[in-house]
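Protein chains: 2
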Amino acid sequence: MRRRAFLQTGMAAGIAGATGLGSTPSHIRTTPITAEGPLRLSSNENALGLSPAARRAVIDGIPEANRYPGAKRRELVAALAAKHGVARESIVLGCGSTEVLQVMVQASATRRCALVTANPTFEDVFDYGIPETYRVERVPLDANMAHDIDRMRDLAALSWDPVLVYICNPNNPTGTLTACSDVDSWIEDAPANIRFMIDEAYFEYVDDDGYWSAIKWIEQRPNVVVARTFSKIYGMAGMRLGYGIAHPDTAAHIRRFMCQVNANELALRAALASLEDGGLVGRSLDANTRAKQVVYSCLEELDLEYLPTQTNFVMHRINGDLRTYRERMREHDVWVGRPFPPMLSYNRLSFGLPEEMERFTEVLREFRTKGWV
Amino acid sequence: MRRRAFLQTGMAAGIAGATGLGSTPSHIRTTPITAEGPLRLSSNENALGLSPAARRAVIDGIPEANRYPGAKRRELVAALAAKHGVARESIVLGCGSTEVLQVMVQASATRRCALVTANPTFEDVFDYGIPETYRVERVPLDANMAHDIDRMRDLAALSWDPVLVYICNPNNPTGTLTACSDVDSWIEDAPANIRFMIDEAYFEYVDDDGYWSAIKWIEQRPNVVVARTFSKIYGMAGMRLGYGIAHPDTAAHIRRFMCQVNANELALRAALASLEDGGLVGRSLDANTRAKQVVYSCLEELDLEYLPTQTNFVMHRINGDLRTYRERMREHDVWVGRPFPPMLSYNRLSFGLPEEMERFTEVLREFRTKGWV
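These protein sequence lines are chains A and B, in that order.
Each residue of the first sequence is one higher than the one before, counting from 1 in the working numbering.
Each residue of the second sequence is one higher than the one before, counting from 374 in the working numbering.
So that you can see chain A by itself, here it is in the shape it has in the complex (with noise of 0.2 Å):
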């Protein structure tokens, strides 16, 4: 599949040329194709891979990637301020918006401080040296697979010292939301030591008018800072491009701790170019679309429960042992997610192209017939 999609683009021949390597046949074979290899579901990429404008402009920009990159990334910063409505001043850029998580972690970090989050939740805001100087507040979902927005409130009201809240809306790895008007409300009572780190990566999924982004907040509250990627619908997960909306003066703290000149030239301009290309969001979300309908159908034949997900991936039970699942899996040349405790009985999976998620579920009918599911 991905080797008929970037043969699509129609580029192969000439990156053949390009490359020098000969043939276009010589070039795929040096080319990690899904279809011929495992099937990569684990990680939440986009498989659609480069848009085929982005691919152009990596290309173009070759010729200057031996530079350090300053005019793309002013270009950059300008255009997601225009896209998001906020001042140039309100945009960090980091290496991937884990960057930016990372970065708000350290910025806040203080002797007696507090990290509130889910339970579960994505990882990375754990994941860097300072944190084991924060008191970490993991607060269970709700029965909703919300975030429990009362208990971290509640939580959170009992300290005076700095107070970071971590909420991914919608929320990974459970693939659900939580009602924006909830986050809303905390957002506009919460006091300044207060901070919330808003991870929206797969705001661009959702289809729910109780969502909405938390970018509203930025000019009227310097505690609100916004993350965003370019790693899921612009399919661009191994450029590490990413970043934050904050107030300017939030930001400015921010950008004092983030790696000077983190954003590599060739990132930069493959998101420029994903910016421009009116298209992508659009093909991004049908193949998504489908593949999730693919597999919610395999599931519910299955009888295997699901959250309904806002995103590129959903949780789903595996009727037992996520190790061995998951090693079957492998075993199966298919790649599915890691450990979410306490989710254990419930597997990660995400959503390759249609074609893909079609090979996935002939491995789980397999599955079903071994009686492994």
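None of these hints come from the bench; they were simulated from the model.
The model shown is predicted, which means the values in this text are computed figures rather than measured ones.
Check each hint, because a few of them may be wrong.
What the hints assert, rightly or not - Estimated spans, in silico, between C-beta atoms of each pair:
id, chain 1, residue 1, chain 2, residue 2, range
1, B, Asp659, A, Asn119, 55 to 61 Å
2, A, Asn119, B, Pro513, 24 to 30 Å
3, A, Asp249, B, Arg461, 25 to 31 Å
4, B, Gly443, A, Ala87, 32 to 38 Å
5, A, Gly278, B, Gly744, 31 to 37 Å
The C-beta atom is built at its ideal place from N, Cα and C for all residues, glycine as well.
Following the hints, put chain B in place on chain A, whose structure we already have.
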């Protein structure tokens, strides 16, 4: 010149085909070409650009740029470990060596620590949020423009708290060496509270018997970290890739503060290809030596004192005000250095291609006829 160099790779036509942009001229028009744009002699970049092998590797990697880097990251770590004869666990990849320096600063921060550096030296270690928790001690270079190791030692010895020592060798912006025997004897005697950050960004350019790498220390001394980069001799500044080399325990500590998954997939591939390109270092050195001779001849002819350099840049007198000099150069489409106080009667000039330096010297001679230098 850049256009010629680019065309010489034989890739322009193929790339134009690959991008679907049509004929070569239209592609060339969209790409900044030094010969048509300003002469960029301000950022110590390598004007040769990415090696042809690295360019091919970038193009080959595009179909993988939607995946989080994994295999290539491990491959590059293994290649660097083999190159330097150290354990894989000793290698820490960074978003440029800048990230390694930044993280060392962050990972060593305590309420009472000191940061001891030369003056002037490379500024990146001062550029993060955490240095405000440091007591910064800048020790002027000695009469030979080397780090004044004796004074730095004396200062560091006053503290029982952590002392982070930054030694940029050869030093940026002076291009001068500090005798490695002096650095060695300090490292040999230093207590564990003194942590050495040895920046060897320009290592490959040095031609001096008194110079060697500090990598030899990392096994026995967990308080030594060496930083290297792909930005200079490898011509990859825009790709943002560098690395630290340290004792496995130190590397593990540093890694906890790094941005997770920091290196871009295409950068990893370009780095691997560059390491495998046996001729790359020689080509870069050759171009640099020829460029240096062009500049030295002109500076001597104009009787403008310069510091003989062991790098891809040179610090030279300008007989006047640096700000005015830089502005006038910019009016002549030449970008040169930035202020490095207290050396404000000098300019830091980066070496471009030899032909580019011919163009620069024409401008400099014109300045002399006008009485500007």
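Hint-by-hint comparison with the structure:
1. Asp659/B <-> Asn119/A: 55 to 61 Å: holds (59 Å)
2. Asn119/A <-> Pro513/B: 24 to 30 Å: violated (54 Å)
3. Asp249/A <-> Arg461/B: 25 to 31 Å: This hint is violated: roughly 42 Å between Cβ atoms.
4. Gly443/B <-> Ala87/A: 32 to 38 Å: Holds, since Gly443/B and Ala87/A (Cβ atoms, about 37 Å apart) stay within the stated range.
5. Gly278/A <-> Gly744/B: 31 to 37 Å: Between Gly278/A and Gly744/B, where Cβ atoms are some 56 Å apart, the hint is violated.
The structure fails hints 2, 3, 5 (numbered hints given earlier, in ascending order).
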